[in-house]
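Participant: Residue-level listing of the chains:
2 protein chains.
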Amino acid sequence: MATTDLIFASRDAHRAWLTSQAKLPKGFRVGVTRFEFVPAEAPKPAKMAITVIASDTPSPAFAAMFTRNAFPGAPVIVGRQRLGEAALGAIVINNKISNVCAPGGVADSEAICAEAGRLLNIPASAVLPSSTGVIGWKLPVAQMLPAMPGAVDALSDAHGILPAAEGICTTDLYPKIRRIDLPGGSIVGIAKGAGMIEPNLATMLVYILTDLRIARDDLRASLSEAVGTTFNRMTIDSDTSTSDTVVAWSSGLGGAVTTADFTAALRQVCADLTEDVVRNGEGVHHVVRYRVSGAPDAATATAIGKSIANSPLFQCALCGNDPNVGRLVAAIGKEAGARWPGLDLSHLRLAVGGIEVFSQQAFRLDRSKETALVAHMKSAELYVSVPPADGLTFRPPVSWPPHERSVLVEIDLGTGLASAEVLGADRTHEYISENADYRS
Amino acid sequence: MATTDLIFASRDAHRAWLTSQAKLPKGFRVGVTRFEFVPAEAPKPAKMAITVIASDTPSPAFAAMFTRNAFPGAPVIVGRQRLGEAALGAIVINNKISNVCAPGGVADSEAICAEAGRLLNIPASAVLPSSTGVIGWKLPVAQMLPAMPGAVDALSDAHGILPAAEGICTTDLYPKIRRIDLPGGSIVGIAKGAGMIEPNLATMLVYILTDLRIARDDLRASLSEAVGTTFNRMTIDSDTSTSDTVVAWSSGLGGAVTTADFTAALRQVCADLTEDVVRNGEGVHHVVRYRVSGAPDAATATAIGKSIANSPLFQCALCGNDPNVGRLVAAIGKEAGARWPGLDLSHLRLAVGGIEVFSQQAFRLDRSKETALVAHMKSAELYVSVPPADGLTFRPPVSWPPHERSVLVEIDLGTGLASAEVLGADRTHEYISENADYRS
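Residue numbers (the working numbering), protein chains in the order written: chain A, 188 to 627; chain B, 188 to 627.
Do not take every clue at face value.
One copy or two, it doesn't matter: identical chains are merged, so the pair holds either way.
[What the hints assert, rightly or not] Listed next, the in silico DSSO-like pairs over lysine-lysine satisfying Cα-Cα at most 27 Å (straight line):
#, residue 1, residue 2
1, K556, K234
2, K210, K325
3, K325, K556
4, K234, K325
5, K283, K234
6, K231, K283
7, K325, K565
8, K565, K283
9, K556, K231
10, K283, K556
11, K234, K213
12, K565, K231
13, K231, K325
Note that these hints are calculated values from the structure, not bench results.
Computed from a prediction, not measured in an experiment: that's the story for all the values here.
Could you build all of it, start to finish, from the sequences and the hints given here?
Facilitator: Listed below in structure tokens is the structure:
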């Protein structure tokens with residue numbers, strides 16, 4: 188999906204590149220504040236960042252898509268109501284606690300919006316709330332309210348969107364920014380990802396700003412189209428979050444743009460951020476591009492791609508640079524056998540890294556292919572595990588994306604004209620360590 | 188599901204218990220042989236066991252159920268044909284290579300049956316083949332044929348079914364045997380599990396022998412009923428195998444039994460084996476019993492239970508004895524939001540270890556509950572990870588099941604009368620280590 192193919196030799200090199208991408212579109216500023224608090228549900232102190240993204244004047248041109256999880260967070264419930272409001276003037280985002288199904292959660296979100304509105308001199312209904320972090324705990328509103336003036340006072344465009352890209356992170360190893368510059372203005376997006384990632388109509392938290400002049404309805408249609416083939420076609424752990432949110436927001440202070448041009452550019456920003464989110468998925472060693480073609484329809488193609496991408500056994504094989512392509516076929520057969528009974532699999536052709544491994548209803552394997560497959564997988568490895576100091580708790584040895592290479596898996600069903608590309612990753616010790624004790 | 192609640196202090200104690208369960212029903216013998224070979228697809232030598240289960244005379248009373256994976260192994264294709272044959276006289280099982288989609292796989296399976304038939308003086312069509320192991324590699328028929336007389340010569344009832352329970356293992360830590368004795372005879376089953384486990388109509392490899400007199404049609408109906416609520420309601424890694432097979436086979440040499448009594452007993456043996464398979468799942472530290480009730484129908488109940496059981500994030504939390512119940516709600520909401528749009532979740536009630544954590548549309552959490560939840564999870568832990576010698580490759584520190592306790596998660600949907608119990612497990616470093624380089 189992505190057009191870029193960057194290699195970063197160090198964290199500093201990655202940071203310099205992020206800085207070069209961070210310039211805000213006209214009419215926006217961001218501010219962040221951080222503080223420590225003790226959750227009501229657990230005795231250990233925690234740190235929270237509050238990020239404010241504000242437009243100089245509220246703008247009617249905004250779009251937002253939210254999770255399809257049946258237990259949406261309170262900010263998602265409030266956010267859906269905001270879609271009917273006249274204009275958007277600010278987004279307030281906190282990390283550490285996601286405010287999902289906590290008693291009084293909607294009132295807590297509204298209290299944050301009211302305070303942000305008071306500080307910015309705009310209606311509370313022009314403020315969109317977002318929260319990410321532990322599910323089940325209550326938002327520490329009493330500690331958040333006194334911290335909010337700090338974020339508003341910090342509002343600035345001096346460092347572009349970078350402070351916001353950092354402020355929304357939780358287990359992310361690094362901030363994620365993607366931009367496109369068009370003649371009349373720019374589109375700049377940030378994303379928070381890392382875990383609980385198989386978006387269903389949106390992704391964790393994504394905020395896309397632009398100054399290009401586009402009408403609300405056109406912006407909403409563009410976003411829906413872009414999300415469908417980008418964020419909705421990735422998976423890290425199949426766990427659709429309760430907080431998935433993607434917002435696109437135009438200040439309208441730049442030049443005009445055709446909807447077609449805007450949609451194409453927006454789709455590219457979404458595609459690039461999608462890759463960033465997978466690449467920085469919890470414990471990810473390999474990004475994998477599942478290119479499904481020859482399918483009867485896009486739904487089938489996407490489902491087959493996701494079935495492989497979510498197969499724990501194939502994920503583990505990828506981690507070990509083990510071309511265990513039998514698990515590929517098992518994952519396709521699992522999905523087809525369970526959900527697509529009419530699907531003709533007799534023309535299936537599989538290739539990994541361009542090397543054919545299955546055709547004419549049988550595997551096509553030999554020892555030289557095995558060697559080449561291992562080499563392809565190793566070439567796309569982001570890092571290898573480092574034995575942990577305590578013998579048990581694995582941490583990634585890098586805090587930047589070393590490169591943008593991926594493992595290519597091609598699945599040609601040979602029965603139709605539809606295709607889909609699904610982005611996935613491997614499953615590693617670092618994912619287990621991250622999530623076996625996330626809250627401590 | 189299981190009636191037993193055993194605690195084993197050592198491998199020897201477990202082995203003594205297995206021996207006490209191993210007596211064969213009248214009319215059956217088992218034999219095993221082992222040999223080394225070099226696969227055509229990889230240079231490293233591998234070990235294979237060939238297990239033969241034979242009846243003194245072929246019997247028409249046999250039943251078999253197979254995987255719904257759309258790429259079934261060659262032995263499954265052959266096995267389905269055998270269901271139409273007059274009688275079953277022998278089962279031949281090999282481990283290490285599963286013979287799935289390998290060129291000429293069906294002919295290879297038939298060659299094994301022909302040789303077994305020749306040695307046992309029965310038709311090849313009375314021999315059921317089974318294979319488990321690496322998918323994609325070709326069965327080493329040239330090396331297997333000369334080894335087969337060894338297995339047939341070893342046929343005996345001296346050690347009961349234990350040699351067969353051992354012979355079919357791959358990554359299993361220990362053999363699995365369950366029995367029930369009725370007035371007229373016995374039912375004895377063995378299972379091979381460990382990985383690629385979310386059966387769809389059957390499980391990896393399960394063989395159940397009985398001498399109770401039951402007609403073929405009744406046996407097949409009983410098996411179908413028993414499997415539906417046992418093997419089909421467990422998951423270790425959501426990866427439905429290409430080789431799932433469960434066989435029930437009566438010699439008819441014992442007493443008569445009513446179909447109702449037989450089905451109840453068969454169901455118990457299946458339920459016990461199901462628990463054994465999960466307990467010995469690859470890397471499993473915790474068995475988890477998801478008891479879903481108040482559902483509109485059994486399909487919904489099962490789907491909700493499996494959605495949680497297959498949630499990588501909740502699996503990891505279990506591994507860390509971390510009662511991150513927010514991930515429970517996220518997993519239910521993911522499934523409901525994606526597939527059960529009409530489902531009313533407003534009456535949801537959740538309890539873990541009998542402790543209520545969610546009711547009246549919100550979490551009910553405090554610090555004392557947190558402490559009690561951790562204690563419940565720790566009480567069901569089978570083992571804790573041991574830092575590996577090489578810093579990376581985790582291996583389970585036990586080779587027997589220390590106890591039969593489990594984590595209890597109760598999900599009351601409060602909207603209907605249907606219920607289902609799903610068995611699942613956690614996700615651990617040992618699973619990653621096992622599967623990141625399974626074939627080497």
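Participant: Take the hints in turn and mark each one as holding or not.
Facilitator: Now the hints, each set against the structure:
For a Cα distance limit of 27 Å, the shortest separation of K556 from K234 across copies, 23 Å, qualifies, whereas the shortest one inside one copy, 50 Å, does not. With identical chains, the CA atoms of K210 and K325 are never at most 27 Å apart, being 35 Å at best within one copy and 57 Å at best between copies. Proximity of K325 and K556 under a CA criterion of 27 Å is satisfied inter-copy only: 15 Å between copies versus 54 Å inside one chain copy. Taking the closest pair of Cα atoms, K234 and K325 come within 27 Å of each other only inside a single copy of the chain (14 Å); across copies the shortest separation is 55 Å, beyond that limit.
For the homomeric pair K283 and K234, the shortest alpha-carbon distance inside one copy (7 Å) is at most 27 Å, but the shortest distance between copies (50 Å) is not. Taking the closest pair of Cα atoms, K231 and K283 come within 27 Å of each other only inside a single copy of the chain (13 Å); across copies the shortest separation is 48 Å, beyond that limit. Within a single copy, K325 and K565 get their C-alpha atoms only as close as 44 Å, which misses the 27 Å cut-off; across copies the closest is 26 Å, which meets it. Proximity of K565 and K283 under a CA criterion of 27 Å is satisfied inter-copy only: 26 Å between copies versus 35 Å inside one chain copy.
With identical chains, the CA atoms of K556 and K231 are at most 27 Å apart between copies only, with a shortest distance of 15 Å across copies and 52 Å within one. Only between protomers do K283 and K556 lie at most 27 Å apart by alpha-carbon distance; the minimum there is 21 Å, versus 46 Å within a single protomer. With identical chains, the CA atoms of K234 and K213 are never at most 27 Å apart, being 31 Å at best within one copy and 68 Å at best between copies. For the identical chains of this complex, K565 and K231 are inter-copy neighbours only, at 20 Å across copies versus 40 Å inside a copy, given an alpha-carbon limit of 27 Å.
In this homomeric assembly, K231 and K325 come within 27 Å of each other (Cα to Cα) only inside a single copy, at 15 Å, whereas the closest approach across copies is 55 Å.
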